[in-house]
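Asker: Modelling step: build the complete structure from the supplied sequences, incorporating the hints.
Listed here are the chains, written in short residue letters.
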Amino acid sequence: MTTDHSWSTASAIADAVRSGETTATAVVERCFSVIAARDKKLNAFTDITRDRALARAKAVDAAKEKGPLAGVPFAVKNLFDVKGLPTRAGSKINRELPPSQHDQPLIERLEAAGAILVGALNMGEYAYDFTGENIHDGPSRNPHDLSRMSGGSSGGSGSAVGGGLVPLALGSDTNGSIRVPSSLCGIFGLKPTYGRLSRARSFPFVASLDHLGPFARSVRDLAIAFDAMQGPDPEDPVCTDRAPEPALPALSRGAEGLRIAVAGGYFRKGAFPEAIEAVARVAKALSVKQEIELPEVHRARAAAYVITATEGAALHLDRLRKRAGDFDPAVRDRLIAGAMLPSVFVNKAQKFRRWYREQVLELFRTVDVIIAPATPCTAPSLGQQTFMLDGVELPVRPNLGIFTQPISFVGLPVVAAPVPLKPLPIGVQIIAAPWREDLALRVAAQLEKDGAAAAARLAL
Amino acid sequence: MPSSDPTDDFIEAAAQALGVPLDPAWKPAIRGNLEVTLKLARLVEEFPLPDDFEPAPVYKA
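Protein chains in written order, with my numbering: chain A, 13 to 472; chain B, 787 to 847.
Hints are supplied without guarantee of correctness; some may be wrong.
Residues of chain A placed beyond 10 Å of chain B at every Cβ, according to the derived structure [said to hold, decoys possible]: (1) K70; (2) P110; (3) S264; (4) G277; (5) A292; (6) A295; (7) L373; (8) P432; (9) L433.
Example chain B residues on the side facing chain A (calculated, C-beta under 10 Å, incomplete) [stated by the list, open to error]: (10) I797; (11) A815; (12) A827; (13) L829; (14) E831; (15) E840; (16) P841; (17) V844.
The hints are simulated quantities; they were obtained by calculation from the structure and are not laboratory data. Every residue gets a Cβ at the ideal spot worked out from N, C-alpha and C, and that includes glycine.
Answerer: Now the structure itself:
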């Protein structure tokens, strides 16, 4: 009889493997049978790495010293290099790339801590997406309601963790691609400070804004994974030289002594009632009364949009020339439009970014943490094209990220924490000053402890 | 018959300058995206900043 660890946290699995209660091999075997059963519905995985996972599990079981993630199965968005697989990045075109020679460094670091890679995950094409839909691989589905979006672009990561396929996944976030699927799938996600975690050997999107980070169903798991992945990497010129600053040791301090405020103005204006309700519940749980406004936040979102459109277009220009017909049309048309934007606007956007950063850092002299909604609404239906935001009908695809985009624009660390509303969950952003992931994680841990944030166990 | 719409003309000329193919069926969506991006770009552009203000990425030799 094998214990079903499909809803266990990563730390519970590691404890069970370390104590000898179970083996990494048993955990991984069970994980593959759960994936085989549930992923037919969720469509979260695009690749399964069974042979390497079983070999790795055997090595973990044989090792005398077992790491903090011993035997923990995890999966990565398919823009991470995985040795032996072409890095498809959600595209048709990249499938023709030669298989990767090496794993992405964060995979190496998680495996060094005992975790076991079980596969690669579905995503929106080239990460230019907030829906989790993919024209080539089909949509990853929301585990709370299979007719709804997982959120994107790390849709498979949200679906796999929210659906109990794996306790831990990695994704990328340029404008919200970790926080949006975390919100719609009802799980925890961490978008670290810009430059904190190595992006080497991952398929890029917007070099100025790209981040990588973890998803999990508990804050402790996020912290353990984050701590295992920190550290300089000369292969990524943006990666910080700062020594690792572990977040786990202070997690139990919770929100004690922290100055917390709720973001008003822009963040209320475009929010559906469920997003307002989620923020109100979190504010109540933390006894927060203070409201602050981020200055010119609508322009910050606009500037992030401009930089994304143009850097994304530059990245894909040659593929647009030669393979335009092989793109998802929705991605192609945005990229071509981005290529046509006069460059003066990009320079203005980068100047504005400097100004906005200074204003936001000033705000963090008076508060430690800012709370804001992660998405304007709960998961839209698959295929839904538009929704009403602040009385205006707007396309879903670019606008699910209106609340995440102005935050990642200046690289602030954010934990997306799921508020278990019915019938669907929705996330809040817990935002801290640069390099203070520890504070955002502490507040998330407090909310989890008090029951204001929780990832649900679902009947799937 | 050349188009008389300046945005359509710009899209045609830009596609040619970039060497990017332009299927007529794609043009309405490209135009829609370009109009949204230009609107947002103007929102950023109209915000006054000093001439000597450094852009965010700083190159270090």
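Asker: Now tell me if each hint is right for this structure.
Answerer: Here's how the hints hold up against the structure:
With a least CB separation of 46 Å from chain B, K70/A remains clear of the 10 Å interface cut-off, as annotated. Residue-level check passed: P110/A sits 26 Å from the nearest beta carbon of chain B, beyond 10 Å. Chain B leaves S264/A outside its interface by the beta-carbon criterion, the shortest separation being 36 Å against a cut-off of 10 Å. Distance check on G277/A: its Cβ is at least 16 Å (rounded) from any Cβ of chain B, clearing the 10 Å threshold; non-interface status holds.
At the 10 Å boundary, the C-beta of A292/A stays outside the reach of chain B, the nearest C-beta of that chain being 29 Å off. Every CB of chain B is more than 10 Å from the CB of A295/A (nearest about 29 Å), matching its label as outside the interface. Distance check on L373/A: its Cβ is at least 13 Å (rounded) from any Cβ of chain B, clearing the 10 Å threshold; non-interface status holds. Distance check on P432/A: its Cβ is at least 34 Å (rounded) from any Cβ of chain B, clearing the 10 Å threshold; non-interface status holds.
The non-interface label for L433/A is consistent with chain B: the shortest C-beta to C-beta separation is roughly 31 Å, beyond 10 Å. For I797/B, the interface hint holds, since its Cβ comes within 10 Å of a Cβ in chain A; the closest pair sits about 7 Å apart. The closest approach between the C-beta of A815/B and any C-beta of chain A is roughly 4 Å, which is under the 10 Å cut-off, so the hint is satisfied. Here the hint on A827/B is kept, as its CB sits about 4 Å from the closest CB of chain A, short of 10 Å.
Evaluation of the L829/B hint against chain A yields a held restraint, the C-beta minimum of about 4 Å falling below 10 Å. Below 10 Å, beta-carbon pairs count as interface contacts, and E831/B has one with chain A at about 5 Å; its hint therefore holds. Below 10 Å, beta-carbon pairs count as interface contacts, and E840/B has one with chain A at about 6 Å; its hint therefore holds. Given the 10 Å rule on beta carbons, the hint for P841/B holds: about 4 Å separates it from the nearest Cβ of chain A.
Nearest Cβ of chain A to the Cβ of V844/B: about 9 Å, under the 10 Å cut. The hint holds.
Checked against the numbered hints above, the structure breaks none of them.
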